[in-house]
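*Asks:* Each chain is listed here by its residues.
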Amino acid sequence: MGDLLFVGSCNGMLHGVDRRTGEGRWTYNAALDGGKPEFHGRPLITGELIVVGSDDRRPEGVGHVYAFERSTLRLVWKYRAGAGVASDVVQLRETAYVVTLSDEVVALDLRTGAVQWKLASGASNDRCLPNSTPAIVGERLIFGSLDGTMYGLDAKSGAVLWRRVLPARVSTSVAIVGDNVFAGDADGRIYRLGVAHGTIEAQLRVNGSPSFKLVRAGESLLVFVHESGVMTLQSVPLALDAVRWMQGAPRPGWSSFAWPYVWKDWVIVGRETGEFVALRLADGQAAWQGKVTGTVSGIGGDETSLYLGTTRGTLIGYALPAMMR
Amino acid sequence: MTPLLIAAAIAWQLAGLGVDRPPEHAARTLVAAEGAVSWQYETGG
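These protein sequences, in sequence, are chains A and B.
Using our numbering, you'd call the opening residue of the first sequence number 196 and step up by one each time.
Using our numbering, you'd call the opening residue of the second sequence number 14 and step up by one each time.
Excised from the complex, chain A in its bound form:
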């Protein structure tokens, strides 16, 4: 965001860090709002605001959605969201949409934080499984629940336009490409649904349980797949006719803490041992790797640098080699 990196950490702190120097410019301590908050979801950055959810994955947890003014980093509003929000914040015009750990979609007025509508899936989440990040297409919000139901919702009113029951928990974020909705379930399939009625148009079995983000990369989707304790990265075409490639790493595989980060012709993934690897989007072959200390837990970047978070709480600016620029 400009010259400032906006980073949340597992001690409940939000940080604004100068991306050129690594100098800290700003912090916000969400722990002062109660509980033991952490930050896991991607913030929404609008022209005026930064909106991000905190989560506290305990039965008595305290989590919020926060909106900060982008120019001053002043807190504009906060919304108490039960045990919080660990998924990403999405937007349509003046509304932000979040999914709480209790699997409830909440539409919030971006200007005030006031609730416009809510929809609870009814699924229990005693294990604090990651909720599926919803997606906007046209005037609709597409949401996948922990009980395996896909919803097409009217984004303005929250009215249910369609439901489609999948065999298992929706275990990935929702991805939209044109009029197609993509999501994966814990039963090991990626689905393509029509946005109008939620009709299943194609499905593909992957080798394991698709997890966390479905990341668009050209004519493919990238997804972490968990199988027998190993996390692989798989590339599936939008046609869902076959797994294009899968790439693993020594047990336990890639670190699912850090979402696959698409950068030009590569996707960058990290490992618990600190390596981060650039895989070619075309075939998944490793083209380049670097290493930091600690488990890679977050990856971002710009034209010349990567920004890597680790579970040790260190944020690292890493100058890319010339071949990657």
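In case anyone wonders, no lab produced these hints; they're calculated from the structure.
Note that the Cβ used here is the ideal one computed from N, Cα and C, for glycine as well.
Please note that a few of the clues may not be correct.
Across the chosen pairs, the derived CB separations fall in these ranges [stated by the list, open to error]:
#: 1; chain 1: A; residue 1: Q286; chain 2: B; residue 2: G58; range: 23 to 31 Å
#: 2; chain 1: A; residue 1: R358; chain 2: B; residue 2: Q53; range: 43 to 51 Å
#: 3; chain 1: B; residue 1: E55; chain 2: A; residue 2: K459; range: 43 to 51 Å
#: 4; chain 1: B; residue 1: G58; chain 2: A; residue 2: G424; range: 23 to 31 Å
#: 5; chain 1: B; residue 1: Q53; chain 2: A; residue 2: M518; range: 21 to 29 Å
#: 6; chain 1: B; residue 1: E55; chain 2: A; residue 2: I395; range: 46 to 54 Å
#: 7; chain 1: B; residue 1: G58; chain 2: A; residue 2: R446; range: 38 to 46 Å
#: 8; chain 1: A; residue 1: A315; chain 2: B; residue 2: G58; range: 25 to 33 Å
#: 9; chain 1: B; residue 1: G58; chain 2: A; residue 2: V360; range: 36 to 44 Å
#: 10; chain 1: A; residue 1: G229; chain 2: B; residue 2: Q53; range: 38 to 46 Å
Here are some, though not all, of the chain A residues that point toward chain B, as calculated from beta-carbon distances under 7 Å [unchecked claim]:
#: 11; residue: H210
#: 12; residue: V212
#: 13; residue: V332
#: 14; residue: G333
#: 15; residue: A397
#: 16; residue: T499
#: 17; residue: Y513
We have chain A already, so just place chain B on it with the hints.
*Replies:* Using the frame of chain A, we list chain B on its own:
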């Protein structure tokens, strides 16, 4: 890349060809490059 990192990369490659993963799943075409840590910021947690 420093010699230490090159050694780590090689070790990683070798490990990738080990018993945990079938060879076709292992990253095999690593190229040493010259990226470098520019700065570090401690978030405290």
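*Asks:* If a hint holds in the structure, say so; if it doesn't, say that too.
*Replies:* Now the hints, each set against the structure:
1. A/Q286 <-> B/G58: 23 to 31 Å: Once the Cβ atoms are compared, 29 Å apart, the range 23 to 31 Å for B/G58 and A/Q286 holds.
2. A/R358 <-> B/Q53: 43 to 51 Å: With a Cβ separation near 48 Å, A/R358 and B/Q53 satisfy 43 to 51 Å, so the hint holds.
3. B/E55 <-> A/K459: 43 to 51 Å: violated, 30 Å
4. B/G58 <-> A/G424: 23 to 31 Å: holds, 27 Å
5. B/Q53 <-> A/M518: 21 to 29 Å: 24 Å Cβ-Cβ, so the 21 to 29 Å window holds.
6. B/E55 <-> A/I395: 46 to 54 Å: holds, 47 Å
7. B/G58 <-> A/R446: 38 to 46 Å: violated, 27 Å
8. A/A315 <-> B/G58: 25 to 33 Å: holds, 31 Å
9. B/G58 <-> A/V360: 36 to 44 Å: holds, 40 Å
10. A/G229 <-> B/Q53: 38 to 46 Å: Roughly 30 Å apart at Cβ, these two residues miss the hinted range, so it is violated.
11. H210: Holds - the Cβ of A/H210 comes within 7 Å of chain B, reaching about 6 Å at its closest.
12. V212: At 5 Å from the nearest chain B Cβ, A/V212 passes the 7 Å test, so the hint holds.
13. V332: Nearest chain B Cβ about 34 Å off; hint violated.
14. G333: This interface hint is violated because 38 Å lies over the 7 Å limit.
15. A397: With Cβ-Cβ at 25 Å, over 7 Å, it is violated.
16. T499: Result: violated, 9 Å to nearest chain B Cβ.
17. Y513: Holds. Min distance 6 Å.
Checked against the numbered hints listed earlier, the structure breaks hints 3, 7, 10, 13, 14, 15, 16; every other hint is satisfied.
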